[in-house]
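Chemist: Please take these sequences and the hints and turn them into a complete structure.
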Amino acid sequence: METVNAVPVFLLFGCVAGLAVALFAIAALFNPRQYVGPVQKMPYESGMDPIHDTRRRFDVRFHLIAIAFLVFDVEVLFLYPWAVAAKRPDVTAVAPVGQVLSLSNSTQTGSLRNDGNSTPVGSLRNDYDISAAVQDSLASDRHIVFGGAMVFIVLLALGFVYDWRKGVFQWR
Amino acid sequence: MLPIVLVALIKVGLVIGGLMTAAAYLVLGERWIAAWIQDRKGPNRVGIPLTKIRLFGLGQPLADGVKFLFKAEYTPAHVDKGLYFFAPMTIFITAIAVFAVIPFGSFLPSDIFPASWGVHEPINLVIAPGVDVGMIFVFAMGSIAVYGVVLGGWASNSKYSFLGGLRSSAQLIGYELPLGLGILGVVLSSGSLRLDAIMEHQAQTGAWNAFVQPLGMIVFCVASFAEASRLPFDLPEAEQELIGGYHTEYFGIKLMMYLVGEYLHMVAAAFLIVMLFFGGWHFWGLTGSGNIVTWGEAILRIVVLNVKVLGMVFFFMVARWSWARFRYDQLMSLAWLVMLPMGMVNLAYVAIWEEYGGDWARSAGFSPQIAMTLCGWAVFSVTWYVATKMSPSQGDNRPRRQSRESNIRPGFEAEK
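Protein sequence lines, in the order shown, are assigned to chains A and B. In terms of the numbering used here, the first sequence opens at residue 1 and continues consecutively. In terms of the numbering used here, the second sequence opens at residue 1 and continues consecutively.
Simulated from the structure, these hints should not be mistaken for laboratory data. Some clues are possibly wrong.
Calculated lysine-lysine pairs in the PhoX-like style (CA-CA distance at most 20 Å, straight line) [unchecked claim]: (1) B:K71 with A:K41; (2) B:K71 with B:K81; (3) A:K41 with B:K81; (4) B:K52 with B:K41.
Modeler: As structure tokens, then:
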């Protein structure tokens with residue numbers, strides 16, 4: 001079941017796109033063909049005639065917000081792989097026996113009580129294989145990884161404070 | 001291969017049909033709730049046509065849908081034609097595509113198929129089981145939905161649409177950061193991006209993330225309200241200021257796609273909140289954990305999950321009639337200056353707890369879950385207190401002072 005992960009996603013995409021197109025088609029089919037005057041085709045501006053085109057210069061604040069978003073969003077995205085891999089195998093881990101044993105060489109065994117549910121839990125297995133592989137390499141120097149992540153978060157916070165002081169988020 | 005595709009197709013059909021029906025009838029439900037809150041009668045007339053049977057207004061969604069279909073279809077003269085049609089489709093498709101990784105139950109026993117088909121694993125009630133990026137896919141779809149809003153506002157070539165699209169793009173991207181930070185805490189504590197694994201983790205510990213990470217829950221809930229553009233965050237289509245916001249120039253079936261898409265954003269947000277923070281299908285004493293289930297338990301889990309989701313949707317609807325809309329600068333400063341730092345505090349707290357807290361609690365002889373809950377609420381209270389102290393006082397309705405440059409008398413800016 002886990003080898004063809006992406007097929008259902010594309011099936012869903014296809015079905016929904018088909019539904020959207022079908023809705024357009026049905027609407028075109030039932031369209032009451034009536035005269036549409038020039039006034040009806042004007043942009044709605046509360047009854048005024050539009051003065052000029054809309055595509056003009058607009059406030060630069062939106063640009064600043066967009067850049068700030070880009071920076072922070074990319075930085076937050078870097079945190080996801082760490083967040084997935086940093087999970088310690090503990091009482092609650094959904095883990096096959098072999099991996100728990102292999103990890104227990106390098107971490108304290110006190111935190112590694114298995115709760116007896118040691119069979120691989122169906123479709124959760126694939127997920128665990130990846131994080132277990134990463135964890136095997138993480139386990140020896142967890143403190144360095146944790147310290148690195150903390151430094152990253154502190155840098156993120158510093159950048160945020162700098163932006164704040166510079167008035168990027170200021171919306172007058 | 002055949003059973004997999006068949007199973008996927010059945011799930012796709014169930015999800016699309018269920019979501020369409022849900023969107024239609026949730027609109028009716030919302031109007032009923034609005035009527036109940038405002039002490040008036042809601043829609044109660046439409047029943048079976050050509051008879052006098054009213055059926056409490058249950059025919060209303062069908063009548064609305066048919067009305068949308070029979071509206072005149074024309075393209076306004078001033079629009080950008082390709083984008084004008086593309087934008088509502090984008091928002092409609094992404095709103096449903098999110099549900100590819102959102103489970104609508106837990107598992108079904110594998111004996112639903114004849115044995116000769118070779119399906120031995122329990123059926124995972126999510127369209128695409130085993131997609132490890134889970135939440136990232138949800139974020140990706142949410143970000144593409146922003147394009148639907150921006151392109152709709154831009155392509156309409158109308159000032160109201162343009163302002164609405166601009167506003168809502170700034171709002172949606174602004175609240176995407178707290179949304180991601182709120183989730184990171186959950187990902188850290190459960191070690192997976194998959195929603196079924198996150199629910200399984202909560203079912204095994206029995207401690208819902210809402211209890212152990214209250215700060216993350218608040219950040220995520222507020223951000224997902226904003227992402228769904230629900231009151232008090234419905235600036236994108238503030239009717240009193242911007243007519244309809246980015247869909248001012250839309251009508252007929254294209255408007256329906258926008259409205260359905262927005263409604264499904266709310267449903268998806270309710271699903272996510274329930275799954276990430278309120279245990280999903282888990283309820284103490286009712287549902288166990290693991291994927292080996294009997295039919296009774298499988299159905300019980302589906303019922304528990306959907307009751308929770310409906311409760312969350314009800315909360316969304318009641319919230320709509322309980323709060324006034326934010327002013328735009330308040331909205332932006334809430335995203336960037338309150339929710340973003342709160343999310344970072346939550347992330348740092350969960351990271352430190354996952355690294356050292358569990359061992360500390362065990363060596364001190366506490367249950368890790370209870371200790372984490374207490375610590376979580378302590379962090380929540382402190383952060384909340386600091387945020388309250390840094391906010392302007394309640395009577396002060398001026399924009400928040402953020403830097404020395406703006407620390408001047410109100411009204412002075414106008415002369416510059």
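Chemist: All hints are to be evaluated individually against the structure, with a verdict given for each.
Modeler: Status of each hint after checking the structure:
{"no.": "1", "hint": "B:K71 with A:K41", "in the structure": "holds, 15 Å"}
{"no.": "2", "hint": "B:K71 with B:K81", "in the structure": "holds, 19 Å"}
{"no.": "3", "hint": "A:K41 with B:K81", "in the structure": "holds, 13 Å"}
{"no.": "4", "hint": "B:K52 with B:K41", "in the structure": "holds, 19 Å"}
Violated hints: none; the structure is consistent with every hint.
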